[in-house]
Structures are given as C-alpha cells and as structure tokens.
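Let the sequences and hints guide you as you build the complete structure.
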Amino acid sequence: MTIFNEPIFDVAQLAHVEILSPKLEQSVEFFTRFLGMEVTARSGGSVYLRAYEDFYHNTLKITESKEAGVGHVAWRATSPQALERRVEEIEKTGLGKGWIDGDIGHGKAYQFTTPDGHLMEILWDVEYYNVAEEQRSKLLNRPSKRPDRGVPVRRLDHINLMTSNPGVDTDFLIDNLGFRLREQIQDNGHVLGSWISVSNLVHEIAYMQEPNGVQGKLHHLCYWYGIPQNLYDVADLLKDHDFKIEVPPNKHGVSQAFCMYVIEPGGNRIELFGDAGYIISDPAWKPVIWQMEDVPGNGDTWIGTEFPVSWWTQGTPLTSTEAVEEEVVKP
Numbered sequence: 181m182t183i184f185n186e187p188i189f190d191v192a193q194l195a196h197v198e199i200l201s202p203k204l205e206q207s208v209e210f211f212t213r214f215l216g217m218e219v220t221a222r223s224g225g226s227v228y229l230r231a232y233e234d235f236y237h238n239t240l241k242i243t244e245s246k247e248a249g250v251g252h253v254a255w256r257a258t259s260p261q262a263l264e265r266r267v268e269e270i271e272k273t274g275l276g277k278g279w280i281d282g283d284i285g286h287g288k289a290y291q292f293t294t295p296d297g298h299l300m301e302i303l304w305d306v307e308y309y310n311v312a313e314e315q316r317s318k319l320l321n322r323p324s325k326r327p328d329r330g331v332p333v334r335r336l337d338h339i340n341l342m343t344s345n346p347g348v349d350t351d352f353l354i355d356n357l358g359f360r361l362r363e364q365i366q367d368n369g370h371v372l373g374s375w376i377s378v379s380n381l382v383h384e385i386a387y388m389q390e391p392n393g394v395q396g397k398l399h400h401l402c403y404w405y406g407i408p409q410n411l412y413d414v415a416d417l418l419k420d421h422d423f424k425i426e427v428p429p430n431k432h433g434v435s436q437a438f439c440m441y442v443i444e445p446g447g448n449r450i451e452l453f454g455d456a457g458y459i460i461s462d463p464a465w466k467p468v469i470w471q472m473e474d475v476p477g478n479g480d481t482w483i484g485t486e487f488p489v490s491w492w493t494q495g496t497p498l499t500s501t502e503a504v505e506e507e508v509v510k511p
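For the sequence shown, the working numbering begins at 181 and goes up steadily by one.
Mixed in with the good hints there might be a few duds.
[Stated by the list, open to error] No farther apart than 27 angstroms at their CA atoms in a straight line, the calculated lysine-lysine pairs in the DSSO-like style are these: (1) K424 x K203; (2) K288 x K277; (3) K419 x K431.
What the hints contain is simulated information worked out from the structure, not anything from laboratory work. The structure displayed is predicted, hence computed values, not measured ones.
Have a look at this one:
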C-alpha cells in the first residue's frame with residue numbers, strides 16, 4: 181500500500197496583504213474609484229480596504245513608503261490550536277520573529293520571514309466586517325451591497341512573490357505550513373515558479389524566479405471578479421484613465437485562469453481574475469510539472485496576447501538591474 185504523508189490542515193486561507201506605495205492617496209483612489217473597494221480604516225500612514233464580498237474588516241493594507249513592494253502577507257489558521265502548532269514548527273526553522281499584539285482588523289499574530297526574506301504572519305482572531313444597515317445586501321450570503329462605482333472586484337484571491345530561490349521558498353511553506361504543490365515550472369531541474377495552496381484553488385500564493393537574485397520582491401497581488409466580461413469592462417475603464425495595462429484580458433496556461441495585469445499608481449502590479457481557472461478536489465493530486473519549453477505561448481498565455489519582458493523580469497521594488505524592454509520574448 182502506498183504511504184502518503186499526512187496532510188497538514190492548520191492554515192485555512194490568505195487573510196490579508198500589505199502593499200507599499202510611494203503614492204498612497206493615488207493608490208487608494210485606484211482601488212476605491214476604479215476597483216470599487218471600500219476604505220474601512222486609516223491609521224498613521226496606512227489605509228485599510230476590503231472588496232464587497234470580503235467577509236473580514238480588511239483584506240488590503242496600503243502603507244506609504246519610499247518604494248513600492250510588499251509589506252507583509254497574512255495567513256489565517258484553522259483554529260487557535262492550529263495557530264500554536266504552526267508557530268511551534270516555524271520557530272524550529274529559526275525564521276520566527278515573534279508575536280505582535282495585532283492590527284486593525286485582527287488580533288495577535290505571529291510574524292516570521294520566508295527564506296527569501298518576505299515578511300509573513302499567521303493569526304486566528306479576526307474582526308468581521310460590520311455592515312451599516314444602508315449597505316446591507318438583500319443577498320444574506322453577501323457581506324455588503326455591490327458598489328455603484330468602477331468595476332468592483334469581489335474578493336482577495338492570491339499573492340505572487342518574486343524570490344531568489346523559488347524551490348527553497350516553496351518547500352518552506354509546504355513543510356512548515358502545510359501548503360500543497362499544484363503546478364510548477366522547471367528548467368533542467370531548477371524551479372522557476374511554483375503555484376501552491378491550502379485549499380482547492382490552484383494557488384493562494386505563487387513564487388517566481390527573480391532573474392537577478394534580488395530578495396523579497398512582489399510580483400503581483402490579485403483580486404477576483406469571477407466573470408470574464410468584467411475584465412474587458414475594467415480594462416476599458418482603466419485605459420480611458422491612462423493606467424498602464426501590462427497584459428490585457430488573457431487566459432493563463434498555468435492555472436487556466438482568465439486574467440489581466442495593470443500597474444497601480446504606486447508602481448505595484450495588480451492582477452485581476454475573471455474566473456478561477458480550475459479547482460482541485462483530488463486529495464492525492466499529483467503536481468503538474470512544466471518544463472520551460474512546454475509553457476504555453478510566448479510566456480504563460482494560452483489564449484490572448486503574448487506577455488512582455490517586464491512580466492518576467494520586473495517586480496517591486498524596482499532595481500537598477502531589471503530589464504525595461506517592452507518587446508516580447510520567451511525566457
């Protein structure tokens with residue numbers, strides 16, 4: 181009989197993400213005016229936001245900073261006991277930073293870094309969004325009304341981080357937090373990218389190779405629509421207001437998700453999902469391993485435009501070693 185490693189079900193979901201912006205108010209306007217998100221709090225140099233189908237007080241924190249990038253990534257445990265178990269395992273790695281009392285929208289959290297230096301935290305206690313009566317939807321299973329501005333995103337979907345060593349960071353989350361490898365791109369045994377999750381989604385987090393070995397960068401943050409037509413609607417809106425659409429509505433090969441990419445005013449890449457691609461219900465799922473030469477299209481496009489060089493080479497914060505070409509090539 182085949183022996184399977186016992187799965188770890190101690191991490192439930194991506195809870196929230198903090199991004200950094202040198203243009204705080206312009207970034208906030210992008211997410212509220214054009215993506216229909218709601219500001220739920222302000223504190224110091226940070227603004228907290230949620231999408232209309234996010235159940236928590238906030239899923240996005242934007243903090244003013246000299247450079248764009250990622251501040252931290254937060255995961256919610258499946259129980260208080262699960263939180264303690266994961267903290268115990270993280271501490272064994274030597275990458276734990278310790279407990280914080282909490283932040284707006286959540287209670288105490290344990291902070292740690294990945295091997296590449298990305299700051300993360302794991303928590304249990306969260307504040308649910310307290311909807312005002314005039315914002316209450318007639319759909320009892322929706323936290324608040326669909327906004328009447330922009331093309332409103334529905335919920336937080338995933339984060340993609342650039343790393344100097346995708347394989348090491350992937351193994352760290354699998355071994356210590358219970359993530360499961362769903363898809364991966366390799367080149368002669370070297371891991372170029374990983375898509376991993378704790379749910380039936382193909383990924384709540386992905387890792388991509390930073391081509392110059394720079395640590396701790398953000399590739400993109402993704403919010404979800406669920407309907408492909410919404411991508412054409414928001415692309416039309418953003419184009420008319422002079423936002424840089426790096427990749428217009430497109431279908432990924434890896435994950436099969438319908439997607440587009442835009443650069444928000446602070447300089448961070450934002451992905452918008454028009455559907456979830458496919459879901460995984462098989463408990464014995466065998467990861468899909470792509471060799472680079474087999475990745476669909478000129479990049480990761482299955483249907484749509486080819487991806488530009490910038491998609492493969494640039495993350496935030498930008499560094500002087502990054503390519504700035506716009507021509508399309510396959511790495």
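Tell me the hint numbers this structure goes against, listed in increasing order.
none
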